[in-house]
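Residues per chain are reported as follows:
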Amino acid sequence: MKTVTLDVNGKVFCLDVPDGELLIETLRDRLGFLGTKYSCLEGDCGVCTVLADGKNVLSCLMLTVEAEGRKITTIEGLGQKDLHPIQQAFIDEGAVQCGFCTPGMILASKSLLDAHPSPTQDEVVHALDGNLCRCTGYVRIVNAVLSAARKMKKTP
Amino acid sequence: MPILKDFRYHAPVGVDEALALLHKSKKPLLLGGGTFVLNTLKKTAAYPTDVIGLRKIASLHGIRDAAKEVTIGSMTTLAEVASSPVVGEHFASLAGAAACVATTPLRHMATIGGNVASRFFWVDLPSVLMALGAKVAWAGDKAKKTLSVEDFLSLTGPEARGIVTEVLLPKSGLTGVYFRHTQTMEVDLPLVAMAFAARRQAGGVKDVRCIVNTTLSRPVRLTGVASYFETKKVTEWKADEAADVLRRDLEQGKLDDYRLHCLCADLESLIDKFKKA
Ligand SMILES: Cc1cc2nc3c(=O)[nH]c(=O)nc-3n(C[C@H](O)[C@H](O)[C@H](O)COP(=O)(O)OP(=O)(O)OC[C@H]3O[C@@H](n4cnc5c(N)ncnc54)[C@H](O)[C@@H]3O)c2cc1C
Ligand code: FES
Ligand code: FES
Chain E
1 MKTVTLDVNG
11 KVFCLDVPDG
21 ELLIETLRDR
31 LGFLGTKYSC
41 LEGDCGVCTV
51 LADGKNVLSC
61 LMLTVEAEGR
71 KITTIEGLGQ
81 KDLHPIQQAF
91 IDEGAVQCGF
101 CTPGMILASK
111 SLLDAHPSPT
121 QDEVVHALDG
131 NLCRCTGYVR
141 IVNAVLSAAR
151 KMKKTP
Chain W
1 MPILKDFRYH
11 APVGVDEALA
21 LLHKSKKPLL
31 LGGGTFVLNT
41 LKKTAAYPTD
51 VIGLRKIASL
61 HGIRDAAKEV
71 TIGSMTTLAE
81 VASSPVVGEH
91 FASLAGAAAC
101 VATTPLRHMA
111 TIGGNVASRF
121 FWVDLPSVLM
131 ALGAKVAWAG
141 DKAKKTLSVE
151 DFLSLTGPEA
161 RGIVTEVLLP
171 KSGLTGVYFR
181 HTQTMEVDLP
191 LVAMAFAARR
201 QAGGVKDVRC
211 IVNTTLSRPV
221 RLTGVASYFE
231 TKKVTEWKAD
241 EAADVLRRDL
251 EQGKLDDYRL
261 HCLCADLESL
271 IDKFKKA
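Residue numbers (the numbering used here), protein chains in the order written: chain E, 1 to 156; chain W, 1 to 277.
Be aware that a few hints might be false.
Quick look at which bits of chain E chain W covers, simulated, 3 or more residues with Cβ under 8 Å [unchecked claim]:
{"#": "1", "segment": "15 to 21"}
{"#": "2", "segment": "36 to 45"}
{"#": "3", "segment": "50 to 57"}
{"#": "4", "segment": "63 to 73"}
{"#": "5", "segment": "116 to 124"}
No wet-lab data here; the hints were simulated from the structure. Cβ coordinates follow ideal geometry from the N, Cα and C atoms, glycine included.
Isolated chain E, as found in the complex (with noise of 0.2 Å):
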């Protein structure tokens, strides 16, 4: 056992946690941050993205004590007043379908947008290579990503 301080979404957790536990069983299932999915736990599909200081990386592929000293932002991170302006985009160009990969969508086109905010669509669909969408909505995603940069643009 470890006594970890894990900075989520910007509130410090103070938690004591077996040495060998995944960050996702942590957020997922002592912190009840539900937007990380479990599915492939093995870096195959991204539903399990988050974002640590501000890079997409895999929860199922961390163990939650090296998660600390760095910024973990999940889905409910985003957007905690208003929808943030990809979540936005995602809803308008019609991108959610079942809804499973949207998390880790949204989580990688942030890291995107963050460190590029004016992408070709080429460099869109190189950002999401890890993360699958089951429903093959990738039209739309990319779509959405690009008038996501048009927005965050105009609106700084």
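The hints should help you fit chain W with the ligands onto chain E, whose structure is shown.
Chain W with the ligands alone, transformed into the frame defined by chain E:
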């Protein structure tokens, strides 16, 4: 039910501290970015007693640019390698190969040290590093030394117990190219890949290194192909001749027709590239 069985996790802040833990633990396991090893733990029976995370060792992070070489700390992520201006300027084939490994979130986590130290046949970077003449700085149980990538990959048993601290790349002015083929999607593991590097000189090339990487064996150096390119002027290079030499080089390699076809196509692109340059 927890996904992983429990172990003791350690976060040393220095290489010597990590080595001491490695030495005294019953069944230790080093943790780089964890992208490979944490997956393995979900399936293995040979479970570690102690996991030694290297993340907090500051000296293992970052890219240092010196007059004659570039040094990449083993905990530098593949995303950092791919986007580094210094790596891009001097070792474009390495930056390109790092950008092709797996997917964006995995590249944000996976490290260059973990890629090399995993010693898996098919991983992308060892062949590129071999072509560029890179060396691995290795802190072993008994001594610290610098090894060629090939020598590092052939360490076995207790000799192989230790920590990759850095990858050293000489600024030798080589032009490098990396080709990789996957079964279905671009983000898949490479089924076969070829790393090439050479120094251009009037009308031809010298110091040619051509390394093939497959899921079947450790990277293989194609000595026949290298000497074919070295002994002819670029204008005399012919794809079908080079392909014949490649087939001879790989006679023992048990490569299927598809993989051989990919490699021959790579030679054609390579020749085209050098002829146009
Ligand atoms: C879905 C998926 C796709 C992948 N696709 C690719 C791909 O296309 N190409 C590719 O090359 N790889 C691929 N990989 C494999 C892997 O992610 C990479 O090889 C990665 O670079 C491993 O680095 P890591 O830091 O995560 O290593 P870890 O998982 O932390 O460690 C890997 C091994 O190296 C040891 N180790 C780690 N760091 C050190 C060190 N500094 N010194 C000594 N030993 C050390 C560990 O003990 C372990 O045995 C893929 C993995 C996944 C999950
Ligand atoms: S659950 Fe983490 S990548 Fe699939
Ligand atoms: S919307 Fe259903 S998985 Fe993507």
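Here is what the structure says about each hint:
Counting residues of the segment 15 to 21 of chain E whose beta-carbon sits less than 8 Å from any beta-carbon of chain W gives 4, enough to reach three: the coverage restraint holds. With 3 residues having a Cβ less than 8 Å from any Cβ of chain W, the segment 36 to 45 of chain E passes the three-residue criterion, so the hint holds. With 4 residues carrying a beta carbon less than 8 Å from a beta carbon of chain W, the segment 50 to 57 of chain E meets the three-residue requirement, and the given coverage holds. With 3 residues carrying a beta carbon less than 8 Å from a beta carbon of chain W, the segment 63 to 73 of chain E meets the three-residue requirement, and the given coverage holds.
Using a Cβ-Cβ cut-off of 8 Å, 0 residues of the segment 116 to 124 of chain E lie near chain W, which falls short of the minimum of three, so the contact claim is violated.
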